[in-house]
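S.K.: Listed below are the residues making up each chain.
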Amino acid sequence: MVDRLNDAEKIVKDMEKETELSKVEELIKENKISFEKQGKQYRVRLLNLSEKEELDMLRRKKFGQLIKDKDILLEKELIATYLERGINISEIDDQIKKLDVEDIDVQIKLGESLSKNEGETIFKGYKDQIQDLRTQKQVLRAQKILLLEFCLENQLLNYVAQIITYLSLDELKDDKWQRMFLSLEDFQNYKDESIINKAGEYSMLLQYL
Amino acid sequence: MNNIYDNLIELAKSIHSQNLFTAAKEINGIRLFKNIFDFSRLQEIYLSYLYTFDTINQDMVIDKISEHVLDDKIYWDAYMLWKRKHTNKTENKDNNKKDLKLIPGKTIKFPKGS
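In order, the protein sequence lines correspond to chains A and B.
Sequential numbering of the first sequence, starting at 1, is according to the numbering used here.
Sequential numbering of the second sequence, starting at 210, is according to the numbering used here.
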């Protein structure tokens, strides 16, 4: 009886996995990601040509605003300002590069070991070394991201990500998909951040910045 | 959907997707996506995984590499990196052999593809 229950549980899990995979297969074929929030259906999709033109126009407009603002520094200006205060970002870059070289070196050893089928214990040893190197790199990258968060380039990238979400988010109304926001102002004033965040995450999977 | 990225890898690894990928490579007219250009980021990532697992599956049969290569992202990335480096090395060796120096100082370059 216990065996049958275990089998049944496994079959249900396999079926769930199959359903998940066929959903992903559909979204790859269609280039559209749908999701549900509070009983309503939403989706994000690739931008069409006119939306891409709108994105480009808004990006240029924003760049014009940012470059005129004396309080917003370019990345290289911000790096120079940090250096004056004793924080050397190029040292962080050098450390990351050094770890990258080590990472590639261990990866090649692991690759060779896998090709010669040297055994799980050896693979695991290399894997642990790689994971350790990557953790160190992640810490350094996070430091750098935090330090450069407010430079002009990053502000522009964040803005572009927002605009892509604004342009690519549709909602299902009366069985028809339509743009959720028809004006940028409506999008920026929208209260439910959870929908915007979800849509933002999905739109970045489809679209390059 | 839990994690689209993980599911994408699972899908690319599946026998069903690998069969379709092989068929699409060999039979003209079989398409993996509805669009034939303007690929999304997700589609490009999916294609690269299809290629990775196709290569690994072939190497497991032909070169008898470890089956553990499919266990972990770190394993398959490392194997593909090593393979690329290894293949480049072999190709460079072969290219050097193709050009002959019959007269000192003069290299005879054989025409390619004729």
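None of these hints come from the bench; they were simulated from the model.
Where hints are given, some of them may not hold.
Chain A is faced by these chain B residues, among others (derived, beta-carbon under 7 Å) [claimed, not checked]:
hint : residue
1    : Asn212
2    : Ile218
3    : Ile245
4    : Gln252
5    : Tyr255
6    : Ser257
7    : Tyr260
8    : Ile271
9    : His277
10   : Leu279
Virtual Cβ for every residue (Gly too), placed ideally from N, Cα, C.
S.K.: Provide an ascending list of the numbers of those earlier hints which the structure does not satisfy.
M.R.: 1, 2, 3, 6, 7, 8 and 10
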